[in-house]
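J.: These are the residues of each chain, in order.
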Amino acid sequence: MTAKPNVTADLYVTCIIDQLYPEVGVSVVNVLRRLGVAVGFPKDQTCCGQPVYNTGFNREARTLAKRVLEQFRDSEYVVVPSGSCAATLRVFYLELFAEEPALLEEAKALAAKTYEFSEFLVDVLKVEDASVCGATHQGTAVYHPSCHLMRELGVKTQPRKLLGSVPGLEEKELEGAEICCGFGGTFSVKFPHISEGMVGDKITNVQASGAETLVSCDMSCLMNIAGALNRQESNIKVRHLAQILDPNSL
Amino acid sequence: MPEIKTQDFSAASVAAMADPKLRRALDRVASGFEVARLARVAEATPEVWDAWRQEARDIKAHTIEHLDYYLDLLHTNVTAAGGRLHFAKDADEANEIVAHIARTRNVKVATKSKSMVSEELALNPVLEAMGVEVWETDLGEYIIQLAEETPSHLVAPALHKSKEDVAELFSEKLGIPYDEDIYHMAATAREVLRDKFMEADLGISGANFVVAETGTLVIITNEGNGRLCTSAPRIHIGITGMEKVIPSMQDLSIFLRLLPQSATGQRITSYVSMITGPRRSEDEDGPEEFHLILVDNGRSKMLADPALREALYCIRCGACLNICPVYARVGGHAYGWVYPGPIGAVVSPMLVGLKKAKELPQASSLCGACREVCPIKIDIPRMLLDLRTKTAESPDPSVRSAPASERAFARVYAKLMSSPALLRMATRFGRFLQKVERVIPFFSPMTKDGKWIRNAPVPPLSKWTRSRDLPTLPKQTFHELWEKGLSSDDS
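As you go down the protein sequences, you meet chains H and F in turn.
Just so it is clear: in the first sequence, position 23 is 23 by this note's numbering, and no numbers are missing.
Just so it is clear: in the second sequence, position 130 is 1130 by this note's numbering, and no numbers are missing.
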């Protein structure tokens, strides 16, 4: 164990983890606590507004964004176990409130203290080696770098560093890793034929990698990829990075 | 303007994806370009490459912010070099300028080097209707002219065609034996076109850049056809968009590096032609007349809109097409107009109007790969989002992109997510439905273990479950787990 960093962080769990993957949220809490973080959870949090923002409904997006600004106003850090939702808080809110100076100031304050989960571990808590989380993993894995995490937040190395240092875990090469999985929020149901083609290529590459487990930092991408894998009756396991790092993962 | 089919994207993309030949062609060519581009980035080093992109972006941003000044300067210098600069506000005006020149100079045969703007104007049918023979001389353009098709890629217009397709086409249209040897086919085209260069009265070219301080038109090509088109006939007309102006020769340097390296991965193209005015008295050859037509055709609408202005920085390298996972599946024709791919999904709605092209900005997962490869760092995902915002709830029903059901969904979603109590009730109701469905199956949407929805009965979920399973609601939300004890840290 590293020295307890004596940090307080509020978890923005994201609505998809809240509603569909609560076990991922539990792993996030377990990992943070093991690293000595006092974890808070503002209870009225729901959705960050990304689904409505991405489809052009900015008024609805503002309504939801204002709630987030309010609930995390007093947080020291905000940790988000999703590249996409973290990008919404950190990048998209600035655009959403570009014309409203008071709210823009609040959005800037939120952006300055918001971190995606792997980024928080490596950049703030200075975790150099995943073994400090108590993680071990027997088997092979590939990492899918999600688009918003890479290209909106610029987080590329942090998840690899953590995953690569999990004792026992053997990382495999994923062909076309940086190509979108085809989720894209409402894109997946507006253009299902294109989205299916994209996720089809993704799972072909995941299967070809020979890995037993697929790891990513976004449950929305993983829901898409897992849904396609399950339809093919594949045995490949799909996990959020936090579940790999948490020795008590559910 | 050519026929606009942007409104048919959905149907056209379904059809395109059902075409295995198209998929093979797209895989082969586009991924080849991207691999070559990456080699150039590595060669320059990513840091230097990024500095180049920023420099190019700064030049474009500066020029577009002062476009009136640079167009004026260009006008002065084209005129000083003995050329004539024309401004055309739309396609009809541009075509009429060319038609007028052809008519008054008794033009019978015209040769063309590659020009996307002339595709945008649908210039060829106008000249042909006057009895002028028009010959596309870029090999890709020649192929699609013979096939009576439109380009499917910005730099590789016949990308969608296999060598077998071209061999069949040549055999049918030129009456020669079927021969799929690429070298032989290129030689055939060369033989046909070589005579036309000599016969032509008029050469028409595009322009990759026009340099304001010297009045110079710059084109980069690999086949040498551009040089023949612009020097052999007695008249040369260059046609391009008004955004293609750059301030100086000094500025050109960065673009001559970035354009070919981003487009095909070449360090430089085989030919870089710089043309300033017509033949001077001491020149041995060259055209007697030089005209440059700068086309607006909707570009000033982009200029006037701060959110979309940077679409005018585009140098049409096609890198965003080559990386785009949507373009890779549907190809260029599905986009329904001249400019396909991510940049086309921004430019087309502005040039043909949102009414017809409002669907294009929706056809993206917003993955951002296009912005990452763009040599001018154009923020395409942000512009797609802006167009979604402009259309989703437009008061003009013909521009509005979101159907009533989607608008209602957005309202209900925002209401639900604004109230934790309401959300809790909705989740419980969802779980209740799942439970009922397991006891008394009605729609039977779930897998036997109850973990997945396999056949959702209603859209949009049914669209998802066409080929993917959807997880069912677990017994507890994270909120509930937190309240039931996770909140106390006993570690």
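If you're looking for bench data, these hints aren't it; they were derived computationally from the structure.
For every residue, glycine included, the Cβ atom is placed at its ideal position computed from N, Cα and C.
Accuracy of the hints is not assured; some may be wrong.
[Claimed, not checked] Only part of the chain F face toward chain H is listed, based on derived beta-carbon distances under 7 Å:
hint	residue
1	Arg-1388
2	Pro-1395
3	Asp-1396
4	Ala-1410
5	Trp-1482
6	Gly-1485
[Said to hold, decoys possible] Straight-line C-alpha distance at most 20 Å; calculated DMTMM-like pairs for lysine to aspartate or glutamate:
hint	chain 1	residue 1	chain 2	residue 2
7	H	Lys-156	F	Glu-1372
8	H	Lys-156	F	Asp-1050
9	F	Lys-1451	H	Glu-23
10	H	Lys-190	F	Glu-1133
11	H	Lys-237	F	Asp-1449
12	H	Lys-190	F	Glu-1483
13	F	Lys-1390	H	Glu-100
14	F	Lys-1390	H	Asp-201
15	H	Lys-156	F	Glu-1047
16	F	Lys-1415	H	Glu-178
17	F	Lys-1448	H	Glu-233
18	F	Lys-1463	H	Glu-178
19	F	Lys-1475	H	Glu-23
20	F	Lys-1021	H	Asp-201
21	F	Lys-1451	H	Glu-233
22	F	Lys-1415	H	Glu-233
23	F	Lys-1377	H	Asp-44
24	H	Lys-190	F	Asp-1386
25	H	Lys-190	F	Glu-1406
26	F	Lys-1377	H	Glu-95
27	H	Lys-43	F	Asp-1050
28	H	Lys-190	F	Glu-1393
29	F	Lys-1484	H	Asp-44
30	F	Lys-1108	F	Glu-1096
31	F	Lys-1196	F	Glu-1133
[Claimed, not checked] According to the in silico footprint, chain H covers these stretches of chain F (three or more CB under 8 Å from chain H):
hint	region
32	1070-1080
33	1182-1195
34	1246-1257
35	1468-1476
J.: Each of the hints needs a verdict: does it hold here or not?
T.: Verification of the hints:
Against a cut-off of 7 Å between C-beta atoms, the interface hint on F/Arg-1388 holds, since the closest Cβ of chain H lies about 3 Å away. Interface hint at F/Pro-1395: violated, since its Cβ lies 14 Å from the closest Cβ of chain H, which is beyond the 7 Å cut-off. A hinted interface residue such as F/Asp-1396 counts as satisfied when its beta carbon comes closer than 7 Å to some beta carbon of chain H; here the least separation is about 14 Å, so the hint is violated. At a threshold of 7 Å, the smallest CB-CB gap from F/Ala-1410 to chain H is about 4 Å, leaving the interface hint in force.
Interface hint status for F/Trp-1482: upheld, as the beta-carbon distance to the closest one in chain H is roughly 5 Å, under 7 Å. At a threshold of 7 Å, the smallest CB-CB gap from F/Gly-1485 to chain H is about 11 Å, leaving the interface hint violated. Only pairs whose Cα atoms come within 20 Å are accepted, and H/Lys-156 paired with F/Glu-1372 is accepted, the gap being roughly 14 Å. This hinted pair checks out: H/Lys-156 and F/Asp-1050 have alpha carbons roughly 17 Å apart, not beyond 20 Å.
About 15 Å separates the Cα atoms of F/Lys-1451 and H/Glu-23, which keeps this hinted pair within 20 Å; it holds. Pair hint H/Lys-190 plus F/Glu-1133 does not hold up; C-alpha atoms about 45 Å apart against a cutoff of 20 Å. The straight-line distance between the Cα atoms of H/Lys-237 and F/Asp-1449 is roughly 17 Å, inside the 20 Å bound, and the hint therefore holds. With a C-alpha separation of about 37 Å, the suggested pairing of H/Lys-190 with F/Glu-1483 is violated against the 20 Å cut-off.
Our distance criterion of 20 Å between C-alpha atoms is met by F/Lys-1390 and H/Glu-100, whose separation comes to about 19 Å. Annotation: proposed proximity of F/Lys-1390 to H/Asp-201 is violated, straight-line Cα distance about 33 Å (limit 20 Å). For the hint linking H/Lys-156 to F/Glu-1047, the alpha-carbon distance of about 16 Å falls within 20 Å, and the restraint holds. For the given pair, F/Lys-1415 sits about 35 Å from H/Glu-178 by alpha-carbon distance, which is inconsistent with the 20 Å threshold.
Pair hint F/Lys-1448 plus H/Glu-233 holds up; C-alpha atoms about 13 Å apart against a cutoff of 20 Å. A distance of roughly 25 Å separates the Cα atoms of F/Lys-1463 and H/Glu-178; the hinted pair therefore is violated under the 20 Å criterion. Distance check on the hinted pair: F/Lys-1475 and H/Glu-23 sit about 11 Å apart at the alpha-carbon level, within 20 Å; holds. With a C-alpha separation of about 17 Å, the suggested pair F/Lys-1021 and H/Asp-201 falls inside the 20 Å cut-off, and the hint holds.
In summary, the hint linking F/Lys-1451 to H/Glu-233 is supported, as the alpha carbons are separated by about 13 Å, within the 20 Å threshold. With a C-alpha separation of about 37 Å, the suggested pair F/Lys-1415 and H/Glu-233 falls outside the 20 Å cut-off, and the hint is violated. At roughly 39 Å between alpha-carbon atoms, F/Lys-1377 and H/Asp-44 are farther apart than 20 Å, so this suggested pair is violated. Restraint check for H/Lys-190 and F/Asp-1386: the C-alpha separation of about 18 Å stays at or below 20 Å, so the hint holds.
Between H/Lys-190 and F/Glu-1406, the direct Cα distance comes to roughly 11 Å. Compliance with the 20 Å bound is thereby established for this hinted pair. For the given pair, F/Lys-1377 sits about 18 Å from H/Glu-95 by alpha-carbon distance, which is consistent with the 20 Å threshold. For the suggested pair H/Lys-43 and F/Asp-1050, the alpha carbons sit about 43 Å apart, so the restraint of at most 20 Å is broken. The suggested pairing of H/Lys-190 with F/Glu-1393 holds, with an alpha-carbon distance near 17 Å, which does not exceed 20 Å.
In summary, the hint linking F/Lys-1484 to H/Asp-44 is supported, as the alpha carbons are separated by about 16 Å, within the 20 Å threshold. Distance restraint check for F/Lys-1108 and F/Glu-1096: the Cα-Cα separation of roughly 16 Å lies within the 20 Å cut-off, and the hinted pair is therefore satisfied. About 10 Å separates the Cα atoms of F/Lys-1196 and F/Glu-1133, which keeps this hinted pair within 20 Å; it holds. Check on the region 1070-1080 of chain F: 0 of its residues sit with their Cβ under 8 Å from a Cβ of chain H, so the three-residue criterion for coverage is violated.
Residues of the region 1182-1195 of chain F lying with their CB closer than 8 Å to a CB of chain H number 0, which falls below the three-residue condition for coverage. For the region 1246-1257 of chain F, the assignment as covered by chain H is violated, since 0 residues bring a beta-carbon within under 8 Å of that chain's beta-carbons and 3 are needed. Evaluation of the coverage hint for the region 1468-1476 of chain F: fulfilled, as 7 residues show C-beta separations to chain H shorter than 8 Å, against a requirement of three.
Of the numbered hints stated above, those contradicted by the structure are hints 2, 3, 6, 10, 12, 14, 16, 18, 22, 23, 27, 32, 33, 34, listed in ascending order.
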